[in-house]
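Trainee: Could you build all of it, start to finish, from the sequences and the hints given here?
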Amino acid sequence: MDKNKKNKLIKVYILAVIILLVFFYYLGVLVKGENYFLSSFSLLQNKGYEFFTKFRYSFISYQEAQDLKKKNADLKHELGQLYYENAQLLAYKVENENFRSMLNFFEEKDFDYIVAKVIGRDLNRNNTLIINKGLKDGIKNGYAAVVGEGMIVGKVVECKENLSTVLLLTDQASQLAVSVVFSNKTTGLARGEFGLSIKVDFIPQDIKIALEDIFITSGLEKNIPRGLVLGKVNRIISHESDLFKTITINPFINYEEITNLSVILPQDYSDD
Amino acid sequence: MIKYIYYLLISLFLVFIAQSVLSPLGILSNLNLLLVVLVFITVIFGFNLGFIFAVLIGFLANIYSFLPLGSLIISYLAIIAVINFFYKNVFINFSFYTILILILIATFLNFFIIYLLNLFFYFLGVVSLYVIVDKIFLLNLLWQFLLNLLFITILYFIAKFTIKKLNLAFLIKK
Numbered sequence: 001m002d003k004n005k006k007n008k009l010i011k012v013y014i015l016a017v018i019i020l021l022v023f024f025y026y027l028g029v030l031v032k033g034e035n036y037f038l039s040s041f042s043l044l045q046n047k048g049y050e051f052f053t054k055f056r057y058s059f060i061s062y063q064e065a066q067d068l069k070k071k072n073a074d075l076k077h078e079l080g081q082l083y084y085e086n087a088q089l090l091a092y093k094v095e096n097e098n099f100r101s102m103l104n105f106f107e108e109k110d111f112d113y114i115v116a117k118v119i120g121r122d123l124n125r126n127n128t129l130i131i132n133k134g135l136k137d138g139i140k141n142g143y144a145a146v147v148g149e150g151m152i153v154g155k156v157v158e159c160k161e162n163l164s165t166v167l168l169l170t171d172q173a174s175q176l177a178v179s180v181v182f183s184n185k186t187t188g189l190a191r192g193e194f195g196l197s198i199k200v201d202f203i204p205q206d207i208k209i210a211l212e213d214i215f216i217t218s219g220l221e222k223n224i225p226r227g228l229v230l231g232k233v234n235r236i237i238s239h240e241s242d243l244f245k246t247i248t249i250n251p252f253i254n255y256e257e258i259t260n261l262s263v264i265l266p267q268d269y270s271d272d
Numbered sequence: 001m002i003k004y005i006y007y008l009l010i011s012l013f014l015v016f017i018a019q020s021v022l023s024p025l026g027i028l029s030n031l032n033l034l035l036v037v038l039v040f041i042t043v044i045f046g047f048n049l050g051f052i053f054a055v056l057i058g059f060l061a062n063i064y065s066f067l068p069l070g071s072l073i074i075s076y077l078a079i080i081a082v083i084n085f086f087y088k089n090v091f092i093n094f095s096f097y098t099i100l101i102l103i104l105i106a107t108f109l110n111f112f113i114i115y116l117l118n119l120f121f122y123f124l125g126v127v128s129l130y131v132i133v134d135k136i137f138l139l140n141l142l143w144q145f146l147l148n149l150l151f152i153t154i155l156y157f158i159a160k161f162t163i164k165k166l167n168l169a170f171l172i173k174k
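Protein sequences appear in the order of chains A and B. Numbering of the first sequence is given in the numbering used here, commencing with residue 1 and proceeding in unit increments. Numbering of the second sequence is given in the numbering used here, commencing with residue 1 and proceeding in unit increments.
It is possible that part of the hints are untrue.
[As the list claims (entries may be wrong)] Pairs of lysine to any residue, SDA-like flavour, derived with a Cα cap of 20 Å: (1) A/K54 with A/K8; (2) B/K3 with B/F40; (3) A/K8 with B/L25; (4) A/K54 with B/V82; (5) A/K8 with B/N84; (6) A/K76 with A/N250; (7) A/K8 with A/Y26; (8) A/K54 with A/S39; (9) A/K140 with A/F51; (10) A/K8 with B/G46; (11) A/K199 with B/F137; (12) A/K208 with A/L189; (13) A/K11 with B/N84; (14) B/K135 with A/T248; (15) A/K5 with B/A81.
[Unchecked claim] To list a few chain B residues with every Cβ distance to chain A over 10 Å, as calculated: (16) F123; (17) F151; (18) F157; (19) K160.
[Said to hold, decoys possible] Pair by pair, the computed Cβ-Cβ distance ranges are: (20) B/L49 with A/Q267: 46 to 56 Å; (21) B/I154 with A/Q267: 47 to 57 Å; (22) A/E78 with B/A81: 56 to 66 Å; (23) A/L15 with B/L142: 30 to 40 Å; (24) A/G148 with B/I74: 37 to 47 Å; (25) A/D206 with B/N140: 18 to 28 Å; (26) A/G138 with B/A159: 47 to 57 Å; (27) A/D112 with B/F157: 49 to 59 Å; (28) A/F244 with B/I154: 42 to 52 Å; (29) A/D242 with B/A159: 54 to 64 Å; (30) B/A78 with A/I10: 12 to 22 Å; (31) B/Y97 with A/V31: 39 to 49 Å; (32) A/F244 with B/D134: 15 to 25 Å; (33) A/D242 with B/L9: 50 to 60 Å.
Calculated from the structure, these hints are not laboratory results. Bear in mind that the values here come from a model prediction, so they are computed numbers and not experimental data. For every residue, glycine included, the Cβ atom is placed at its ideal position computed from N, Cα and C.
Mentor: Dropping the structure here:
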């Protein structure tokens, strides 16, 4: 009987402690403790996550290695073409800047960014990444998460003081206003498809899109600048009787291999 | 007191493995390690220990979850309470197959409770994400059932051959 009483008392005690902790958490009393815990633990988590991500991809078969060699050669050729296109675009940019200064347009805002490490994924939701930066670093919901030189991979959907959750573009709940690279209007709405690719709906039939066209963010959304690259078109679904067509985009990078990313901070985030 | 520190360290280690080690490993990320360990502890070592681990693991895992703090604690406590009820009142002839059925029940309960909690908080406006039950989600859930069964089998065999005093069996009464 005594043992039962003691067990009950321990359970009540533990529950009371947890309720108090939850209460203090919402009051903000535990923030310093949480900061300390997360800052010391997140480095270990990131190393663990990086190691096992590389471990997973270290077993590449011979056939895959051959495919990679061929793909590498194709990419080198494509890179050469892109260098040429880039040079052309730079020339247009200079011309554009001259026109703008002549007409006294406002300059586009510059965007700052913060580098974050991926420490894991949400256990109850696929297609998410948890990063070790949060509200105290200036990150807020709706900010773009990018890798490399401006390839958008997702949006911040949940922010805590020291952590944020990024929802990848391949998730079905993810939505982003996009345009094809040669258009300055919003072309369609990008949504994830089964965690594997990105689908763009509501593209008017009169917009001419071809395979391998590059899609970028349109700049329609407040905190996401124009020009962040999503990927290339790999399928076009269009029927003459439909008002809109749908395309599927293949991202340039494998979202499963992301271990570090940057979050773009709009310049006037403090005014939000 | 020292044993509670051990429990806390074990819980931290389990959350680290689940969050940062298993999550990049493709199909293995569908294994619900925390749930399997909780069910195993509740059934093999008793409800009291299961209770303590449910609270500790729920608290630590909730720090990284998009659900409000406390949700996972409630979820895990509810699951182990149901599992303990089934174990004590329904599957009274304990065997290896009992634990397999219990983990299936726990996996289903976990999906159900998390889904309901997510919807509830989404409609309240507390969270901005909701779980979409589509083909891929159901496929991942199926993988979770299979991997949970596999992992608890491994745990059971390890416990059977290493902790003799538990006197674990396959079909005969415990």
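Trainee: Each of the hints needs a verdict: does it hold here or not?
Mentor: How the hints compare with the structure:
For the hint linking A/K54 to A/K8, the alpha-carbon distance of about 47 Å lies beyond 20 Å, and the restraint is violated. For the proposed pair B/K3 and B/F40, the alpha carbon gap of about 19 Å is at most 20 Å, so the pair holds. Simply put, A/K8 and B/L25 have alpha-carbon atoms about 40 Å apart, too far for the 20 Å limit, and the pair is violated. Under the criterion of a C-alpha separation no larger than 20 Å, the hint pairing A/K54 with B/V82 is inconsistent with the structure, at around 39 Å.
Between A/K8 and B/N84, the direct Cα distance comes to roughly 16 Å. Compliance with the 20 Å bound is thereby established for this hinted pair. Proposed proximity of A/K76 and A/N250 is supported: the alpha carbons are some 19 Å apart, at most 20 Å. At roughly 27 Å between alpha-carbon atoms, A/K8 and A/Y26 are farther apart than 20 Å, so this suggested pair is violated. For the suggested pair A/K54 and A/S39, the alpha carbons sit about 23 Å apart, so the restraint of at most 20 Å is broken.
For the suggested pair A/K140 and A/F51, the alpha carbons sit about 28 Å apart, so the restraint of at most 20 Å is broken. Only pairs whose Cα atoms come within 20 Å are accepted, and A/K8 paired with B/G46 is accepted, the gap being roughly 14 Å. Restraint check for A/K199 and B/F137: the C-alpha separation of about 18 Å stays at or below 20 Å, so the hint holds. For the given pair, A/K208 sits about 16 Å from A/L189 by alpha-carbon distance, which is consistent with the 20 Å threshold.
Taking the CA atoms of A/K11 and B/N84, the gap is near 15 Å; set against the 20 Å cutoff, the hint holds. Our distance criterion of 20 Å between C-alpha atoms is met by B/K135 and A/T248, whose separation comes to about 18 Å. Taking the CA atoms of A/K5 and B/A81, the gap is near 18 Å; set against the 20 Å cutoff, the hint holds. With a cut of 10 Å on Cβ distances, B/F123 stays outside the contact zone with chain A, its closest approach being about 15 Å.
For B/F151, the shortest C-beta to C-beta distance to chain A comes to about 15 Å, beyond the 10 Å cut-off, and the non-interface label holds. Look at B/F157: its CB is around 25 Å from the nearest CB on chain A, clear of 10 Å, so calling it non-interface holds up. Remark: the non-interface label on B/K160 is consistent with the geometry, its nearest Cβ contact in chain A lying 27 Å away (cut-off 10 Å). A hinted range of 46 to 56 Å holds for the C-beta pair B/L49 and A/Q267, which are about 53 Å apart.
One distance hint, 47 to 57 Å for the beta-carbon pair B/I154 and A/Q267, holds here, with the actual separation near 53 Å. Take A/E78 and B/A81: their Cβ atoms lie about 59 Å apart, and the range 56 to 66 Å holds. Distance hint check: the CB atoms of A/L15 and B/L142 are about 35 Å apart, consistent with the given range 30 to 40 Å. For A/G148 and B/I74, the hinted distance range of 37 to 47 Å is satisfied, since their beta carbons lie about 41 Å from each other.
Against the hinted window of 18 to 28 Å, the Cβ-Cβ separation of A/D206 and B/N140 comes to about 39 Å, which falls outside the hint. Against the hinted window of 47 to 57 Å, the Cβ-Cβ separation of A/G138 and B/A159 comes to about 48 Å, which satisfies the hint. Taking the beta carbon of each, A/D112 and B/F157 are about 54 Å apart, inside 49 to 59 Å as hinted. For the pair A/F244 and B/I154, the supplied restraint of 42 to 52 Å holds, since their beta-carbon distance comes to about 51 Å.
For the hinted restraint 54 to 64 Å between A/D242 and B/A159, the CB-CB distance of approximately 59 Å keeps it satisfied. Distance hint check: the CB atoms of B/A78 and A/I10 are about 19 Å apart, consistent with the given range 12 to 22 Å. Remark: the range hint 39 to 49 Å for B/Y97 to A/V31 is upheld by a beta-carbon distance near 47 Å. Between A/F244 and B/D134 the beta carbon distance is about 22 Å. The supplied range of 15 to 25 Å therefore holds.
Between A/D242 and B/L9 the beta carbon distance is about 59 Å. The supplied range of 50 to 60 Å therefore holds.
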